[in-house]
Structures are given as C-alpha cells and as structure tokens.
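*Asks:* Each protein sequence line maps, in turn, to chains Z and A.
Going by my numbering, the first sequence opens with residue 58, and the numbers climb by one from there.
Going by my numbering, the second sequence opens with residue 58, and the numbers climb by one from there.
You may find that some hints are simply not true.
Treat identical chains as interchangeable: a pair holds within one or across any two.
What the hints assert, rightly or not - Pairs of lysine to aspartate or glutamate residues, derived as DMTMM-like cross-links and limited to a Cα-Cα distance of at most 20 Å, are as follows: (1) LYS80 / GLU218; (2) LYS376 / GLU366; (3) LYS351 / ASP140; (4) LYS354 / GLU207; (5) LYS80 / ASP217.
In short, the hints are calculated from the structure, not lab data.
2 protein chains.
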Amino acid sequence: MKFLEPYIQLIESGLGDLDLPAKPATLYEPQRYTLSGKAKRIRPVLVLIGCGLTGNDPRKAIPAALAVELLHNFTLIHDDIMDDADSRRGRPSVHVKWDLATAILSGDSMFVQAYRQLHRLDPSADFRKIHHLFTEGINQVCEGQALDMEFETRSDVTADEYLGMIAGKTGALISASLQMGAAVGGAGEEQLNQLSLAGESLGLAFQIQDDLLDVIANPEKFGKKQGGDICEGKKTILMLTTLERCKADERQRIMAAIAGKPLSDELVEWITLLYHQYGAIESAREMMGSYYAKAEKAVKTFDDSTYKEDLTKLIHFLKNREY
Amino acid sequence: MKFLEPYIQLIESGLGDLDLPAKPATLYEPQRYTLSGKAKRIRPVLVLIGCGLTGNDPRKAIPAALAVELLHNFTLIHDDIMDDADSRRGRPSVHVKWDLATAILSGDSMFVQAYRQLHRLDPSADFRKIHHLFTEGINQVCEGQALDMEFETRSDVTADEYLGMIAGKTGALISASLQMGAAVGGAGEEQLNQLSLAGESLGLAFQIQDDLLDVIANPEKFGKKQGGDICEGKKTILMLTTLERCKADERQRIMAAIAGKPLSDELVEWITLLYHQYGAIESAREMMGSYYAKAEKAVKTFDDSTYKEDLTKLIHFLKNREY
C-alpha cells in the first residue's frame with residue numbers, strides 16, 4: 058500500500074517523538090516495546106485521512122491519530138492477558154515478557170497517554186467534541202470485548218448478535234478514527250454521520266472477511282492453516298449462520314465438537330462442508346460485499362480530493378486482500 | 058464527620074443516578090458491585106468543596122466529583138489484582154468474585170465511565186482545563202503505583218523516594234480533586250496552585266499517619282494488629298528512616314528479616330524498638346504535622362466561606378484520627 062506511505066511516515070515520526078519518560082522503567086518500557094512492534098497503523102491513517110476529507114491539512118490531526126494508536130495498543134496489551142495469548146506481532150506479549158501486574162499497569166498508563174495526546178491538539182480544535190468521539194468509541198470497544206467473552210460460554214449466540222459485537226469491538230474505533238480526524242478539520246454533523254457509517258461498515262466488512270478467509274484463502278498466502286477458526290471452535294459468522302440453518306442433529310454434533318475443541322481434521326472438513334451446503338459462505342460473501350459498498354457510498358458523499366481517492370483505494374485494497 | 062453529610066448525599070445520589078446499562082452484564086455488574094461497597098467518598102467531597110471555595114455552587118461540580126470517584130474505584134479493581142488482594146471493603150474483590158479477565162475489562166470500562174462523566178459538565182465549564190487536571194492526576198497515580206511495585210524488590214529505597222511515590226499514588230488524585238472542583242468554579246492559576254499544594258500535602262500527611270498508626274495506635278480502635286506493616290515487611294516511612302539511620306549490622310538483620318517475611322513477633326518488637334531508638338517515629342510525627350500545616354496554610358488563602366470551614370474541619374478531623 059505505497060499510497061499510504063506519507064501518512065504512515067507522519068505517524069511513525071509522531072510515535073518516535075512521543076518521548077515517554079525513562080522512569081519508572083516498569084511503566085514505560087513495556088509501552089515502548091509495544092509501540093515498536095510491526096504494525097499497520099490503519100487506525101491513525103484513517104484519522105489523518107478523515108481530517109484531509111474536510112479540506113484541512115491532515116497534520117493538524119496528528120495528536121488525535123497518536124491518541125487512537127496508543128488506545129489501540131493499550132487494548133492489545135490487556136486483550137492478550139484476557140485471551141491468554143503468549144505472543145503478539147511475532148514477539149512475546151507484555152504479560153509474558155514482564156508479568157501480569159506490569160502488563161495491567163502499563164496498559165492503564167498507555168490509556169492515559171492516549172488522552173494526554175489530545176491535549177496537544179491546536180486550541181482552535183473542538184476539544185470537547187473530539188474527546189467525546191474518542192471516549193464513546195472506546196466505550197463501545199469495551200462493550201464489544203465483553204460480549205465477545207460472554208459469547209464464548211453461550212451456546213445460543215445469533216449471527217445478528219455477532220455482528221453487533223464486531224460493530225463494537227472492531228468497528229467503533231475505526232469509526233471514531235475517521236470521525237475524530239474530521240472533527241479536527243471542523244466537520245459538521247452530516248459529515249460525521251457519513252464517516253461513522255463508513256467506519257462501522259469497514260470494520261464489519263473486515264471482520265467478516267477474516268472469518269471467510271479462514272476457509273477460502275490460499276493457506277500459503279494467508280499464512281494460517283485452512284479451517285483454523287473451526288479447529289479452535291470459534292463462533293465466526295460462518296459457524297453462527299450454519300448453526301442457525303442446519304438440522305437439529307447436526308447442530309448437536311457441532312456443539313459437541315466445539316465443546317471438545319480443538320477439533321479433529323475430520324470434523325473440520327465436515328463442518329467446512331456444512332458451511333458450503335447451508336450457504337453460509339455465500340451469505341458471508343454477500344454481507345461483506347454489501348458492507349464494503351456501504352463504506353464506499355459514504356465516502357462518495359465527500360468532495361473530491363486526494364484524501365478521498367486514498368480512502369477509496371484503501372477500501373478497494375482491503376476488499377481484494379487474499380490474506 | 059456529620060458536617061460532610063450534605064456533600065456525601067449529593068455524591069451518593071449522583072452515583073445512584075449513574076444508570077449503567079444492564080448489559081453486557083459481565084462488564085457493568087462488577088462496576089455496580091464496586092460502587093455499592095462502603096466507601097468514605099473523600100475524593101468526590103473534595104471536588105465539591107473545591108468548587109465551593111471559589112464562591113460557586115458545588116452542585117455544578119457533581120459530574121467532576123463522580124468522575125473522580127469512578128476513577129478511584131477503577132484503580133481499586135486493578136490494584137487488587139496487582140496486589141493479589143482477595144477482599145476489599147469487607148467483600149471479595151472483583152477478580153475473586155468474577156475472574157481475572159472480567160476484573161481487567163470492567164476496570165477499563167469504569168475508567169471510560171469516569172471520562173464519560175466529564176461530558177455532563179455544563180458547557181460553560183472549561184472542559185479542556187478540567188480534563189487536563191484529571192488526566193495529569195491519573196498519570197501521576199500510575200507512576201506512583203509503578204514505583205510502589207518497583208520498591209518491593211529494591212533494597213536501596215530512600216525515604217525521599219518513598220515520599221515521591223506517595224505524592225503520586227495518593228497525593229495526585231486528592232490534589233486533582235480539589236483543583237477540578239475549583240476549575241469548574243472558574244478558579245485562576247494561583248487558586249489552583251494553592252489547592253494543588255493543599256491536596257498533595259494532605260495525601261502525604263495521610264499516608265505518613267497511616268504508617269505511624271501502625272505502631273502507635275490503640276489496636277482496638279485501629280482495628281488492626283499493632284506492627285502489622287512490620288510483620289508484612291512493608292517499606293513504610295518508619296522502616297526507611299530507620300534503615301537510613303541504623304548501624305550496618307542492624308540494617309543487614311532487618312533486610313534479612315524482611316526477605317523472610319512474615320516476621321516473627323520477636324522481630325516485630327525489636328524493629329519497633331529501633332523505630333523509637335533512631336527517632337523514626339518522632340521524625341514521621343513532625344513530618345506529618347508539617348504536611349497538615351502546609352495544607353491548612355494553603356486553604357487559608359481562600360476567602361471565608363462555609364466551604365473553607367468544612368475543609369479546615371476535615372483537615373483537623375484527619376489530623377486527630379486515631380485509626
């Protein structure tokens with residue numbers, strides 16, 4: 058994604074200038090470590106583009122972009138504890154490299170650093186508005202994460218509930234990113250609403266696509282084993298759609314298989330077959346397409362600019378990804 | 058503290074009106090549980106008094122007071138995990154009653170709820186200023202907590218470092234509370250500086266007093282065994298002062314005793330004797346007195362009002378507490 062380079066340079070340079078204190082080392086070292094990991098910086102790029110879309114210089118939105126990236130990285134530190142994930146971006150996660158207490162506290166502090174960044178916004182910016190978008194965004198992320206954890210122990214989750222969960226867990230921060238950038242640029246309510254819609258749709262499309270790629274991607278390009286989500290008993294949109302449509306005895310057998318996860322290759326193959334048979338893959342593909350289309354439509358309401366072109370290109374790039 | 062009743066009623070009623078959503082239950086139930094525990098509400102009371110000191114109606118500062126109380130309660134949920142504390146206010150702590158992931162996430166969400174409260178402030182309030190005081194306050198709390206954890210594994214902590222740690226961990230939020238209330242009332246920089254000083258001094262005095270009461274309080278009134286901190290090998294101001302002043306061989310024996318905590322009754326008695334012998338108790342008493350005096354002096358710079366009287370009464374009450 059060469060066209061994103063100029064944005065990413067601004068963000069990396071901003072992160073480099075963060076100047077987190079040397080001490081207390083147990084508080085700031087894990088934050089430096091987390092920020093130095095390989096990352097796509099999609100969310101802060103969207104903040105800058107959001108500002109550009111309003112006809113303003115994206116550089117005005119750098120503090121908001123850094124706030125979003127810090128917030129996202131804070132959620133990764135805490136999520137890795139909650140999910141008991143030992144690694145992140147190819148390196149040990151913070152609670153493994155340090156310990157539980159250090160991971161909780163350095164995550165909390167990173168959350169604070171995110172809010173501190175907002176104070177670097179120009180005095181002319183509508184601070185209260187930007188702060189509100191940010192805070193409501195992270196509130197939805199928390200709710201999405203809570204639902205995600207609740208779903209793990211529930212056997213009656215519907216596809217609709219799942220979409221609501223992703224809208225919070227993934228969509229809300231993408232949506233807040235675009236809106237915060239636009240708010241820095243002085244956008245009105247109508248523009249903010251369009252970007253809210255674009256962001257949420259993008260988040261939903263992206264997650265549904267992730268679920269899809271698990272079964273349809275070329276494993277060599279995708280870098281993961283095909284059917285990995287099924288093997289882990291994950292309740293993806295494909296699984297939930299199939300559970301809603303299949304026969305009672307099939308449902309029973311699937312639920313038993315999930316309870317005894319990880320699933321055998323035989324079971325994974327059988328469930329993949331059911332996904333095709335009940336049209337879960339086709340439905341997900343349609344859903345994904347319609348969310349990407351919604352996002353594109355919302356972006357079209359803005360005046361032409363290189364930022365609009367870049368956002369459209371980004372959506373196309375994501376839509377066509379095979380991994 | 059009957060004179061604080063009107064403030065506490067405002068806060069309890071505000072907390073009752075919080076209207077946290079019913080779902081996701083795993084996110085909000087632990088927050089309701091935490092807020093319903095018996096608590097002194099000192100920090101939000103200070104927010105209201107801070108506003109009153111500027112000649113304004115303290116009720117204007119209720120959202121800021123609730124923000125501070127929510128923030129404080131969030132720190133309790135996470136601190137209990139970090140300190141491996143099974144109970145809080147006589148009830149199981151959140152990570153024990155629920156589980157680790159639920160405690161981390163509901164704590165994070167409570168932090169978000171704190172920031173959300175700020176949005177209920179009147180549009181005439183200097184939102185950016187109040188937000189700044191709040192965010193810098195919690196930033197210092199995080200640094201204080203990190204230092205506190207680092208001190209546990211260090212053998213060369215000085216009394217001065219300890220005071221710096223308390224200034225952050227306990228003083229910063231008390232200081233931010235008074236200042237936020239005053240900022241809602243439109244206070245200028247000079248008033249904010251006086252309240253910053255008053256708050257930090259109060260926090261330091263209170264913690265030094267806590268350390269002192271551990272060895273000089275009447276155990277029946279204090280509700281804890283005398284010398285409990287010594288028994289647990291805690292590096293209180295008394296311990297650190299004594300370590301700085303005692304002979305090398307005594308120092309060695311104390312460090313060995315701490316390493317093998319909990320300490321025997323005999324060792325506790327011996328260390329208590331050293332506290333007296335090296336004047337650590339007398340020094341701490343003087344320090345406490347001088348911090349309480351600093352706080353009072355700062356409060357005296359304000360115009361006379363019932364709020365000034367109440368804050369002075371509160372300082373006297375704290376100074377004279379025996380438990």
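*Asks:* Find the hints from earlier in the document that the structure breaks and name them by number, from lowest to highest.
*Replies:* When the structure is compared with the hints, numbers 3 and 4 turn out to be violated.
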